[in-house]
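A.B. asks: All chains, full assembly: derive it from the sequences and hints.
With positions in the sequence shown counted from 1, the corresponding number in the numbering used here is that position plus 88.
These are computed hints drawn from the structure, not numbers from a lab.
Please note: incorrect hints may appear among the correct ones.
Heads up, simulated DSS-like pairs for lysine-lysine below, C-alpha to C-alpha not over 30 Å straight-line [to be verified]:
1. LYS290 x LYS248
2. LYS112 x LYS125
3. LYS99 x LYS138
4. LYS126 x LYS290
5. LYS125 x LYS91
6. LYS258 x LYS213
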Amino acid sequence: MDKVLIINKLKSHLNIKTDTDFAKFLGIKQNTISSWKKRDTLDYELIISKCDNINANWLFTGEGSMFKKSYQLIESHDNVVNEVGFNYSEGILPDGSVPFFNLPVTVGQSILDTKESIIPEGYIKDVPGLENTDIFLPVIGFSMMPEIIEGALIGIRTIKNWNSLNTQYKYLIITNQDRMIKYIEHDENDDSILWCTSPNYKRFKVNKEFIIDIQCITFVLNPG
Numbered sequence: 089m090d091k092v093l094i095i096n097k098l099k100s101h102l103n104i105k106t107d108t109d110f111a112k113f114l115g116i117k118q119n120t121i122s123s124w125k126k127r128d129t130l131d132y133e134l135i136i137s138k139c140d141n142i143n144a145n146w147l148f149t150g151e152g153s154m155f156k157k158s159y160q161l162i163e164s165h166d167n168v169v170n171e172v173g174f175n176y177s178e179g180i181l182p183d184g185s186v187p188f189f190n191l192p193v194t195v196g197q198s199i200l201d202t203k204e205s206i207i208p209e210g211y212i213k214d215v216p217g218l219e220n221t222d223i224f225l226p227v228i229g230f231s232m233m234p235e236i237i238e239g240a241l242i243g244i245r246t247i248k249n250w251n252s253l254n255t256q257y258k259y260l261i262i263t264n265q266d267r268m269i270k271y272i273e274h275d276e277n278d279d280s281i282l283w284c285t286s287p288n289y290k291r292f293k294v295n296k297e298f299i300i301d302i303q304c305i306t307f308v309l310n311p312g
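C.D. replies: This is the structure:
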């Protein structure tokens with residue numbers, strides 16, 4: 089879908105008649121809107137920040153629903169115990185389900201540490217790949233679009249052996265400074281380095297000594 093049509097749909101949703109008023113709503117100059125139309129582009133992060141009910145996949149690709157869809161969670165209970173290694177004292181995990189933690193992941197702290205200190209918000213069931221999934225998390229950010237859209241739900245599984253990292257898989261990487269979803273490449277000459285790639289950012293390297301946690305992404309459910 090061309091960006092002029094997307095802009096017009098956004099204006100209609102917001103009950104805004106002119107590009108000038110749309111620019112005021114976004115906090116930018118009117119000629120910026122004109123430039124978007126001319127170059128067939130948008131400032132996706134700005135629009136999402138101002139229109140938080142807009143589906144990022146629709147905004148980025150023109151496909152799917154214009155609006156976000158919420159996920160259905162089984163109600164969470166205090167003091168639950170589950171089958172994937174979380175240590176809660178009493179209770180029962182809903183049958184055939186996996187816990188959902190509405191983090192997003194804390195920078196500088198492993199998911200494995202974080203999840204032990206909080207109760208899950210709910211549980212996910214009846215989706216593919218549950219048998220290979222430890223927990224579910226929400227996604228923020230745009231680096232993996234359109235493969236993973238902001239607002240997506242991802243399932244992750246603990247990696248026990250870094251030698252098993254597969255360049256065809258996506259991973260959630262937590263360092264002492266960042267949290268990010270990337271593809272991974274091994275360095276041919278330096279075993280202490282991993283290279284991170286994604287559709288919207290240039291390739292960069294991460295020293296393994298700064299990596300706190302790596303989780304394999306087992307499931308992606310994009311909004312819309």
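A.B. asks: Next pair to validate is LYS112 with LYS125; report whether the Cα-Cα distance is within 30 Å.
C.D. replies: 17 Å, holds
A.B. asks: Assess, step by step, whether the Cα of LYS125 is no farther than 30 Å from the Cα of LYS91, and give holds or violated.
C.D. replies: 6 Å, holds
A.B. asks: Does LYS126 pair with LYS290 here, judged by a C-alpha cut-off of 30 Å?
C.D. replies: 26 Å, holds
A.B. asks: Take a quick look at whether LYS99 and LYS138 sit within 30 Å of each other, Cα to Cα.
C.D. replies: The hint holds at about 12 Å.
A.B. asks: Would you mind confirming whether the straight-line C-alpha gap from LYS258 to LYS213 stays at or under 30 Å?
C.D. replies: 22 Å, holds
A.B. asks: For the pair supplied as a hint, LYS290 and LYS248, confirm whether the alpha-carbon distance does not exceed 30 Å.
C.D. replies: 28 Å, holds
In the structure shown, no violation is registered for any of the earlier numbered hints.
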